[in-house]
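> Sequence:
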Amino acid sequence: MFTYSSVLRACGCVSHLVQLHSSIYKHGLESDVFVRSALIDAYSKWGLPQEALCVFDEMPTGDLVVWNSVISAFAQNSNGHEALHLFKRMKRAGFDPEQSSLTSVLSACTSLALLELGRQAHVHVFKYHQDLILNNALLDMYCKCGGVEDANTIFTRMADKDVVSWSTMIAGLAQNGYSREALKLFDSMKDSSTQPNYITLLGVLFACSHAGLVEDGWCHFRSMKKLYGIEPGREHYACMLDLLARAGKLNKAVELINEMGFEPDGAMWRTLLDGCRAHKNVDLAMHAAEQILKLNPQDAGSYILLSNIYANAGRWDDVAGIRKVMNEKGIKKQPGCSWIEVGKQIHTFVLGDGSHPQINEIKIQLESLIQRLVRAGYVPDLNFVLKDLEGEEQREDSLRYHSEKLAVVFGLMNLPKGQTIRIRKNLRICGDCHLFVKLATKLEKRTIVIRDPIRYHHFHDGACSCGDYW
DNA sequence: TTAGGGTTAG
Numbered sequence: 081m082f083t084y085s086s087v088l089r090a091c092g093c094v095s096h097l098v099q100l101h102s103s104i105y106k107h108g109l110e111s112d113v114f115v116r117s118a119l120i121d122a123y124s125k126w127g128l129p130q131e132a133l134c135v136f137d138e139m140p141t142g143d144l145v146v147w148n149s150v151i152s153a154f155a156q157n158s159n160g161h162e163a164l165h166l167f168k169r170m171k172r173a174g175f176d177p178e179q180s181s182l183t184s185v186l187s188a189c190t191s192l193a194l195l196e197l198g199r200q201a202h203v204h205v206f207k208y209h210q211d212l213i214l215n216n217a218l219l220d221m222y223c224k225c226g227g228v229e230d231a232n233t234i235f236t237r238m239a240d241k242d243v244v245s246w247s248t249m250i251a252g253l254a255q256n257g258y259s260r261e262a263l264k265l266f267d268s269m270k271d272s273s274t275q276p277n278y279i280t281l282l283g284v285l286f287a288c289s290h291a292g293l294v295e296d297g298w299c300h301f302r303s304m305k306k307l308y309g310i311e312p313g314r315e316h317y318a319c320m321l322d323l324l325a326r327a328g329k330l331n332k333a334v335e336l337i338n339e340m341g342f343e344p345d346g347a348m349w350r351t352l353l354d355g356c357r358a359h360k361n362v363d364l365a366m367h368a369a370e371q372i373l374k375l376n377p378q379d380a381g382s383y384i385l386l387s388n389i390y391a392n393a394g395r396w397d398d399v400a401g402i403r404k405v406m407n408e409k410g411i412k413k414q415p416g417c418s419w420i421e422v423g424k425q426i427h428t429f430v431l432g433d434g435s436h437p438q439i440n441e442i443k444i445q446l447e448s449l450i451q452r453l454v455r456a457g458y459v460p461d462l463n464f465v466l467k468d469l470e471g472e473e474q475r476e477d478s479l480r481y482h483s484e485k486l487a488v489v490f491g492l493m494n495l496p497k498g499q500t501i502r503i504r505k506n507l508r509i510c511g512d513c514h515l516f517v518k519l520a521t522k523l524e525k526r527t528i529v530i531r532d533p534i535r536y537h538h539f540h541d542g543a544c545s546c547g548d549y550w
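Just add 80 to the spot in the first sequence (first one is 1) and you have our numbering.
It cannot be assumed that every hint is accurate.
[Unchecked claim] Distance ranges between label pairs, derived from CB positions:
(1) Gln-200 with Ile-534: 20 to 28 Å
(2) Lys-171 with Pro-437: 29 to 37 Å
(3) Ser-111 with Glu-339: 55 to 63 Å
It is worth saying that the hints were derived from the structure and are not from the lab.
Beta carbons: idealized from backbone N, C-alpha and C, even for Gly.
Working from the sequences, and respecting the hints, build out all of it.
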């Protein structure tokens with residue numbers, strides 16, 4: 081038992097793990113709780129939570145650690161629903177959750193971006209208010225669920241803070257559009273006794289890139305090694321590229337790619353491509369797209385970005401060419417999708433999908449809202465319609481029914497006045513929806529928070545926390 | 001003082 085639980089931690093590939101697993105059976109040790117938790121954990125670390133669940137389910141023997149192992153297996157492999165389901169099973173089985181279980185539950189709420197659920201988990205945490213790791217998980221949960229004010233309160237009250245607490249808060253502020261506050265916090269961190277690490281600096285550079293702070297970004301990037309002994313890694317370069325590309329310093333971005341000493345990956349070229357779209361550099365865009373498609377010939381996002389760049393430049397033959405290639409290769413763009421939590425239920429809206437039971441009412445309300453917004457000065461921005469990829473008659477509808485607009489209207493209809501409307505979506509928000517939501521918060525006197533895959537937009541009284549730079 | 005579970009980026 082002692083041997084296996086030690087060796088399982090050291091196994092270096094899945095096939096070794098499977099061999100150890102059968103050898104455990106051979107020796108009849110599979111019911112030992114130490115061996116079982118180590119096995120569950122090992123499967124989880126190799127990204128196989130279902131295998132971990134099999135190990136868990138096949139024996140009745142278990143203790144709190146075995147439960148915690150299997151819950152964390154799903155929490156860490158981004159299956160928040162299953163983690164929460166197992167947590168409920170654990171409570172029904174008569175086990176009292178403690179710090180480790182609650183940390184996994186918080187991490188599950190974080191990955192699901194469900195603020196109300198996270199608040200419920202927070203209630204269980206009160207009696208452990210001195211636990212550092214648990215507090216860190218709480219910080220992350222509040223930051224990622226759009227409750228950055230709550231995170232700030234907890235952070236201020238934390239007696240002990242380690243590098244994870246500081247890094248979580250710095251990145252959290254930046255993701256929520258509070259870049260300058262994030263940089264101020266980094267200054268306070270330097271005054272404290274905690275040394276920044278690799279991840280802290282990523283948060284700092286992220287803050288700079290999302291606020292267009294080019295000089296600050298360079299300064300932190302160039303001083304990483306000297307001040308903190310941290311060699312800039314691939315991710316730091318990616319952040320710098322993002323900073324330069326967004327700010328329109330495309331030549332500097334290309335210089336950085338050439339000098340960085342890493343092979344640029346698809347995400348880096350994609351960053352550059354997006355900068356080319358924003359700053360209308362067709363030639364560089366073509367080069368970047370070519371590089372991406374060499375690395376990943378099926379990357380739908382790049383085809384669409386490139387085709388929009390061509391469309392904006394009026395190069396309709398090239399637009400048609402891309403559409404043809406996409407058709408031939410069977411490449412489809414991912415449909416936009418938004419989620420909103422109302423009455424403990426998640427409501428999903430997908431572009432072009434009218435399956436929501438209230439969809440007709442929502443469309444009527446949306447139409448009326450658009451008319452009121454137009455009277456208040458809203459002009460739909462047709463630049464964001466994918467002219468090339470949609471049929472002529474769908475053009476206006478495709479913009480009108482972007483999933484976040486449907487979710488916003490649904491929130492206005494169903495959430496009490498004064499309650500913040502929180503939406504999560506799978507793609508980045510388009511400029512037209514951004515304008516629409518800004519104006520809607522002013523007209524309807526509501527606060528709206530939208531989380532996209534990269535960051536948050538806090539809309540209030542006609543403005544957004546991103547300062548229209550995202 | 002021979003063994004198992006939790007937090008930060010992309």
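> Could you see if the CB distance from Lys-171 to Pro-437 stays within 29 to 37 Å?
For Lys-171 and Pro-437 the Cβ distance comes to about 32 Å; the hint holds.
> Please test the hint of 20 to 28 Å on the beta carbon pair from Gln-200 and Ile-534.
Given about 27 Å between the Cβ atoms, the range holds.
> Just tell me: holds or violated, for the beta carbon distance of Ser-111 and Glu-339 against 55 to 63 Å?
For Glu-339 against Ser-111, whose Cβ atoms are near 57 Å apart, the range 55 to 63 Å holds.
Hint check: no violations occur; every hint is consistent with the structure.
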